[in-house]
Amino acid sequence: MAIHTDPPASGFRPSMLINDTRYRGLTFQFIALVLLIFAIAYLVSNLFGNLAAAGLNISYDFLGESAGYDINQRLIPYDSQSTHLRAAMVGLLNTLLVAFLACITATLLGVIAGILRLSKNWLVSRLMSIYVEAFRNVPVLIWILIIGTMVQQLPQPNAFRGENASASMLFDAVALTNRGIYIPGPVFGAGWTILLVVALLSVAGVVAYRRFALKRLYDTGRILPLVWPSLLILLVPSVLAFFILGRPVTLDYPVLRGFNFGGGVQIGVPLIALWLALSVYTGAFIAENVRAGILAVNRGQTEAAASLGLRPRRIMNLVILPQALRVIIPPLISQYLNITKNSSLAIAVGYADITATLGGITLNQTGRAIETVLLLMLFYLIISLAISAVMNLYNSSVALKER
Amino acid sequence: ATLDDVKQRGTLNCGVVTGLPGFGAPNANGEWEGFDVSMCRAVAAAVLGDPTAVQFVPTTGKTRFTALASGEIDMLARNTTWTFSRDTDLKFDFIGVNYYDGQGFLVPKALGVTSAKDLDGATVCIQTGTTTELNLADFFRKNNISYEPVPVETQAEGQQQYLAGACDTYTTDASGLAATRATFENPGDHVILPEIISKEPLAPLVRHGDNDWADIVRWTLNALIAAEEMGITSANVTELAASAGDNPEMNRLLGNEGNLGEMIGLSNDWAVKAIGAGGNYGEIFEKTIGENTPIGLARGLNAQWTDGGLLYSPPFR
Amino acid sequence: MTMTDDAATARNRLSVSDEIAIEIVNMNKWYGTFHVLRDIDLTVMRGERIVICGPSGSGKSTLIRCINALEEHQKGRITVDGTVLSSDLKNIDRIRSEVGMCFQHFNLFPHLTILENCTLAPIWVRKTPKREAEETAMHFLTKVKIPEQADKYPGQLSGGQQQRVAIARSLCMKPRIMLFDEPTSALDPEMIKEVLDTMIELAEEGMTMICVTHEMGFARQVANRVIFMDQGQIVEQNEPEEFFRNPQSDRTKLFLSQILGH
Amino acid sequence: MTMTDDAATARNRLSVSDEIAIEIVNMNKWYGTFHVLRDIDLTVMRGERIVICGPSGSGKSTLIRCINALEEHQKGRITVDGTVLSSDLKNIDRIRSEVGMCFQHFNLFPHLTILENCTLAPIWVRKTPKREAEETAMHFLTKVKIPEQADKYPGQLSGGQQQRVAIARSLCMKPRIMLFDEPTSALDPEMIKEVLDTMIELAEEGMTMICVTHEMGFARQVANRVIFMDQGQIVEQNEPEEFFRNPQSDRTKLFLSQILGH
Amino acid sequence: MSDTHAQSVPFVRESFIPEAPPPETDTGVVAWLRKNLFSTWAYALLTIAALYVIYVILAGVLPWLLNGVWNADSIQQCREILAGERGGCFAVLTERWNQLLFGFSYPTEAYWRPTLAFALLFVAAAPVLFTSVPRILLVATLLYPFAAYWLLWGGTILAPLVGLLGVIGGYLVYRRLIDRSFAYGLLGGIVAAAAIMWLGGFVVADQPRFLSLLPVQSRDMGGFMLNMLLGVICVSLSLPIGILLALGRQSSLPIIKWICVVFIEFVRGVPLITLLFVANVVLAYFLPPGTTFDLILRVIIMITMFASAYIAEVIRGGLAALPRGQYEAADSLGLDYAQAMRLVILPQALKISIPGIVNVAVGLFKDTTLVSIISMFDLVGMIRGPILASTDWGGVYWELFGFAALLFFVVCYGISQYSQWLERRLATDHR
Ligand SMILES: Nc1ncnc2c1ncn2[C@@H]1O[C@H](COP(=O)(O)OP(=O)(O)OP(=O)(O)O)[C@@H](O)[C@H]1O
Ligand SMILES: Nc1ncnc2c1ncn2[C@@H]1O[C@H](COP(=O)(O)OP(=O)(O)OP(=O)(O)O)[C@@H](O)[C@H]1O
Ligand SMILES: NC(=O)CC[C@H](N)C(=O)O
Ligand SMILES: [Mg+2]
Ligand SMILES: [Mg+2]
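Chains as they are written, first to last, in the working numbering: chain A, 1 to 403; chain B, 1 to 317; chain C, 1 to 262; chain D, 1 to 262; chain E, 1 to 431.
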C-alpha cells in the first residue's frame, strides 16, 4: 500500500466562497447574519429616533410607582396604593390560576367527551360529536363572550333578598349569583394543624396501601380490593380526629350582607366565565385528541389482551391507556399552552389577568406601551418555554424503544 | 407636519370613542354623530373645507393614546380628561376644554341608595384605563369604604353589565352616565347620585410638539365657543361672513378683517367653514346632548361665561 | 418430494386422544346482513392439529376468532373443553384462559418489555405471583429460543423474534388449545422458518392446534387434518397427504393450483 | 454447481480496459468518533464490475456513498474519472453526473410519473430539451422492459418494476459508472430475477459497476472482482471463482458459510 | 353433519349453502335500538340522560327560535311585539345584516363587490383544493388576487393590472434565468417585477379614472368581510413564509437554523393578542419616522407572522415525514439544493402537510376575531361596538352572538370537513 496524501491543498480562492461546500455554508450564514443585524439595527435606530422625536424614553421606572387602580380578583395582597409591578404580579397569578383551573376541567371534559364519543351508544356519541364540532368551529372569543353573557343571567344578589325572594341558596350554603358563586369557607380553629397532619398521613396511607396491594399481587397473586380500603383509610382517621379535636375547622356560610353576599368563599363571575369558556372550548379539542389517541392504539392490542383473558377494564388500564397516553399527552400539553395563551382574552369578561392588568390598565395609565408589551410577551414566552420543556422531557421519557 | 399630512391625505384622521350615544357613535347608517364627533368635523371643515372629510378611528380607553402617539390619528376627540400626567408624561397637548364634567355614579332606584357614601361593599362597573378608575379607587379609599371593581372595556359593555345587575353601580363621567341612562328602556328607574367625586375637564388633544397643528385645533374650538358668544350660528354664518359687520372681532373671526387664517396656515374663511359644519358650540351642544335630546344634559358649567358658565374663549385678535 | 416421508413420520409421532377439545355445531355468523360463516360443523379432538386454508375473505379468521369469543356468533353452538360459549362473561373468561391465540401481526404490547408482555396475563388473570410468572415466562422464552431478549422492547426485535415472543406469551397462560391466524404471513422469508420451527416443536409436544396458514410444507409436516374453506363454508377436509394429492372439490383444486403454482 | 461454467463464459465476454475509472487511496471516514471506513484503497478500471459483500454494518453502503459524495470522507483521496473529489461544488456536480446510483429502496419520486422520474434530472441538470429527454427515457425504459408503464406513478408498480425504473432513471443521465446498493434486498424473491437480469444486461454492455449485494449467483456471473468488507476495512478481494471456492481469511469463510448456508 | 370429526376425516361439501338473512333478533329497528341505545343498563341510563339533555336544550332554544321577531326597528319594539313571551329579537339581523357582513362604512351600493369577490374565491380555490378540477382553472387562481383587490378596494383597474403584469413579467424573466441557477432566476424575476410595477405606477398615477370602481379604504372594511379578508390574505401570505421558515429550520447551517428556530418559537410562545398589541401600539415606533401605515396592514403583518410560524411547524412535519432516500436520490441525480427542494421534496412535503395547513388556517380564521380587542370592527367588534352600543339594539346578545357563531361555524366546519376528507383520501391513495 503506497502512502498517499490528501488532495493538494490548493490556496484559497474567492470563488470558493460560493462553490466550495466547506465555505458556501459559511458564506450564506454570514450573509444571513449581516442581514439580520442590519434589520435589527434599522428597527432599533428607528425606535430610538422616533422616541427621541416624541420626547419619550424607555424606562421601567413606572413599575415602582403606585398603580392607583383596584383589582377585583387577587391572590396576593394588593390595593390601589401598590405598585404597578405588584399589579402585574396579581395579573400573572390570575393568569396562572385560570389557566390551571381550566386545564384541569378541560382535561376532565375532554377525556369524558372523547371516550363517550367512541361509545357504542349512538345517541351519546352523536351528542358528543355535536359538542366537539360546535365548540371547535367557533372562535374562542365568541364563546367567552357568550358564556360571559350567560353567567350574567344568573340571579343578582338582590334576588335573594326579602321574604319572597325570587332566588334561593342551594342547601342554604351555596349562592349562585351573577357576581360570583359563594360557597362556605373553612374557618380554622385551634388544633387544625393536627387535623391537617392526620389528613396528610391518611393520604400517605392510601399510597402505601396501594403499593402494598401491588406488591402483594406480585408476591402472591392475590388481588386486594382497592377502592373501599382507600376510602376508609382516607376518611376514617380524619373524621375521627375532627370530632376528637372538637371540630377545629368550622364552616363560614355566605350570607347576604349589604349589596353582596359576605362570608364564605367567593369565586368571582369573571373567573367563572373565563374558566368555563376556556374549559368547554379546549375540552372539545382535547376530546378529539383523546379519541385519536385511543383510536391510534391498534385494535389488535385489545384483541390480543382479550385473548389472553384480560377483562375490559384491565385491558383499558394495562394495555390501551399506557399506549394511548403517549399519543394523547403531547397534543394535550400543547392544548394547555393554548389555554394559557387564550386566557389573554380575559378582559372580554373583565377578568384581571396579566394582559388586563399589565397589558391593559398599566399600559394605559402610564402610556408605557413598548415596555409593557415587551414584558407581557416575555412572560408568556417563559410560560410557553417551560411547558414545552416539560413536554420534551415527557416525550423522551416515554418514547417507545425501537430498533 | 401634521397639517401638511392632513392636507395631502385629504382626510382628517380623528380618534373617537367606540360608541357613546350623544358624544360619538355611528348611527344606523354608519355615519358618526355626536358632540365629540362634531369637533372632528369642525376641524376638518376648517382645514380641508369639507366636514365629511374625516376618517373616524374608534378607540377604546386603552387604545386611544397609542393611536395618537403612533400617528395613526391626527387628533383625539373622545371625552378624554385633561390631566397633568397625560399632558406631560405621555407627551400630549390638550387644546382646551370642550366639556366640563365630573365623575358620578349611576344606580338603580330600587337599590335605595341616595349617596355615594352608602356604596360600602358595592360592586362597581368601571371602564379600565380611565381617570375615573383612579378616582374611584381614591374616593373609596378616602372615605374608608370598600368596593369591588368590575372592569369593562367599553361603554357598551359597562351598560350591559350594569343592566344585567352584575354591578350595583356604574361610574364614569356624569355626561357619560346621562348618555348611558338615556338609552335605557326605563331611564326613570335609574338615578345619578348627587356626588360628583372629581373634576373631569374633557378636552380634545393632539400630539405634543407640533404646535402649529395644536393651534389650529385649539382655535377651531375657540371659534365655535366665540361664535356662540357672538351669536354666529350655522344659519347666519354665511350671511354674516358675506360682508364685514360692525363687530371687529366678528369680522376678524369670519375673515373679513385681518388675516387670522393665514397666521395658522389656513384660508381666511376657516372659521366660517368650521362653524358652518355643525353650528356653534351651543348649537352642537343642543343638537347632540342638550336638554331636548334623549341625553338631556343641561348646559350647567358649560354655559358661556356670560351666562354664569365656564366657557370663555380667548379673544380673536 | 422427499419431504413427504419425513412429514408423515413426524405427524404419526403425534398422538390424538378421544377427548373432544372443541365442538362447533351448525354455527352461523353475520356481519350486518353479510353471511360470513354458514353452518360450520367441526369437532377437534384433544391433541389434534388442524390447518385451515382457503381464499382471502372466506371466513377463516372469523371462524377461529369465534372460537375465542373475539367475535360473537349468532346461531349454533361452540363448545370449548366442555364449556359452551355464551355471552356469559365467566364463560368467556374460562374459555379464553384455555385457549391461546397468535395473530398475524403479533400484537405485542409495545410499551412493555418482552418479559412483561409474557407475565402480564399470568399475573393479572391467573393471579400467579410475579416471580413465578417470570420463571414461567423465561422458561417459554427459552423454548422459543430468545431468553436473552427478555428485557428488550418489542420494537427492538425482528419480526420473527416478535412472533416467537407472541407464541411464548400465549404459552405462559398454559393454554390447552392454541389458535394461530396466519402467524407467518407478515414475516420476511428468512424469519418464517424460525417461527414454523417453534410451532412444529409445539405440535410435537401434543398441543391441540388450529392454524390458519398457507404454509403447505407445515401443513404436510404437522397437520392431522386440512380444512378448506370458501365463502364461509367448510368445503373440504382431509388428511394432508390426501388433501394435497387428491383434492375432491373443484374449488379446492383451483385454490391449490394457485398457491402451489407460485 | 452447473452455473459456474456459464458464469465464467459470460464474464469473459466482458472486456476491461486499462483506463482507471475510480481510484480510492487511503480513504478514511468517521461518523462522529466512530471510525466507519479505515484505509480503503481501491482502484476500479473502466468496464470493471465489482461486487462488494460483507456483514451488516461493515461500511459497504458508506463506501459507495462516499464515491458519490453523498457522504463526505475525511481523509484520503477519491478520484472519479480523473476528477478528484473535493468539497468544490463544481467537482461534486461533475462526479455526480458521471456516476449513477441505485438504492435499496429505489427512492423513486412518488409524485412524478415514471417518465417524469426519468426526465427530471436530464432536463434540470443536463438542460436537455424535454422532447429529447423523453426519447432517451423511453429508450432506457424499453431497455429495462417497462416502456408501457411510462405514464403510471411509482406506487402503481411492483417492487421489481420500481427498481428497474430506478435503474433506467440513473441511465438517463448517461453515467459512465453505476453504483448499486443492495438493489434486490427489498424485493420479493420473484422480482429479484428481473432486476438481476437488467443488471446483467447492463454489465454485458460494458458499464463500469460497483454493486453491493449478497446475490452470489450474480457475483459469479458478472463480477470481475468480489470484495469482502468487515469493520470498515477491505478484508479480502479476489476473482469470484477463487473467492467462493477458496476464501483466505477466517472472517470471509465464516461469512460465506452463513450466507450460502441459508 | 356432526360427523365431520377426526374419526371420519375426509369430507367434501356437495351442496353450496346459500346466503341466509341474519336472525330476526339481529335486524330491524328494535334490534338497532337494543344494540345502539339499550345494550346494557348503564347504556340505557346514558341514553335517557342524553335524551333529557336534548330535551332541555330544545325546550330552551326552540321557542326562542320559533317565536322570534324578524321585523322591528328596535329592541323596544321587539319587546312590545313579544309582549312578555319568550322569543328572539332577530330583527336586529334583518336591520343590521349589512353592517354585520360588511362593516358600517363600506358603501352600500358597492356591496356586490365583496359578494362577488367572495363567490369568486370558490372558483379560485377549487383547483387548489380539489385535484379533480381541471388544471386550467389554476389561471383563475392566479388572477384572483388581482381581481379581488380591484373589487374590494376599487380604484382604477390599472393598478391590479400593473401588478399582474409585473408578476407575469417577473415569472418570464425567472423562467429565462432559472437555467443559470435558482438564485439568478429569483433575483432577476423580482427585479423585473419591481421594475414593471414601478413603471406601471406612473401609468396608474396618470390615469386614476380608467375603468375605476368607487375606491374604498381599508379602514372602511369591517364585519364578517374583514374576518374573511384577514383570514384569506394572511393564510396565503404565510404559506411561502412558512415554507421558507421550515426549510430554514431544517437547514444544516447553524446560524440560519437558529434564526428560524428563535423566530418560530418566539411567535408560537406568545398569544396572538400580544402581537396585535404590537401592531396596534408598538410597531409604529419601529418604522422610519413619517411612515404611517394603515392599522389593517400592520395587523396583516402580525397575523401573517403568527400564521407562518405555525405553518412552518406543520411543513416541518411534512418534511420530516419524507424518507431520507428522497433527498439522497435527488442528490445522486445531481440536482442542486434549490432544484431538489422545488422539484422533489416540497411537492411531496406540502401534499402531506395540507391537512395540517388547513387546520392552521381554520384556527387562524377564528383568531381574526381578536382584532376586535384592538377596536377594529370585524364581526365581533361590530357587535360589541356600534350595534350593542346603539340605543336601538343594546341588550340583544343571543341573537347577535348566535349569528356570529353560526357564520363562523358554517365556514370552519366546512373547511374542517374538507380537511378530513383530504386526510382520508391521502390515507387511501398515497400510492
Ligand atoms: N368487522 C367486520 N365487519 C364486516 N365485515 C367483516 C368484518 N371482518 C371481516 N369481514 C368480512 O368477512 C369476510 C371474512 O373475513 P375474514 O377475515 O374471516 O377472512 P379470511 O378468510 O381470514 O381472509 P384473509 O385470508 O384475507 O385473512 C370478509 O369478506 C371480510 O370483508
Ligand atoms: N449517518 C450515520 N451516523 C452515524 N453512524 C452511521 C450513519 N450511517 C451509518 N452509520 C454506521 O456506520 C456503520 C456502517 O454502515 P453502513 O450502512 O455502511 O453498513 P452496511 O455495510 O451498508 O450495512 P448493511 O448491510 O446493513 O446495509 C454502521 O455501524 C452504521 O451504524
Ligand atoms: N369613559 C371614558 O372612556 C373616558 C373616561 C375619562 N374621561 C378619561 O378620560 O379617562
Ligand atoms: Mg384472515
Ligand atoms: Mg447498506
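Calculated directly from the structure, the hints in this document are not laboratory data. Idealized CB from N, CA, C, for every residue including glycine. Some hints could be false.
Said to hold, decoys possible - Facing chain E, a subset of chain A residues (Cβ under 10 Å, in silico):
1) V44
2) N121
3) G246
4) P248
5) K341
6) L374
Going down the list of hints, with the structure as the test:
1. With 10 Å as the threshold, the beta carbon of A/V44 comes within range of chain E, its nearest partner Cβ sitting at about 8 Å, so the hint holds.
2. Checking A/N121 against chain E: minimum C-beta separation of about 5 Å stays under 10 Å; hint holds.
3. The interface hint given for A/G246 is broken, as the beta carbon of that residue sits about 43 Å from the closest beta carbon of chain E, more than 10 Å.
4. Hint status for A/P248 relative to chain E: violated, with the closest Cβ pair at about 40 Å, above 10 Å.
5. Look at A/K341: its Cβ gets to within about 4 Å of chain E, closer than 10 Å, so that hint holds up.
6. Look at A/L374: its Cβ gets to within about 8 Å of chain E, closer than 10 Å, so that hint holds up.
Checked against the numbered hints given earlier, this structure breaks hints 3 and 4; the rest are met.
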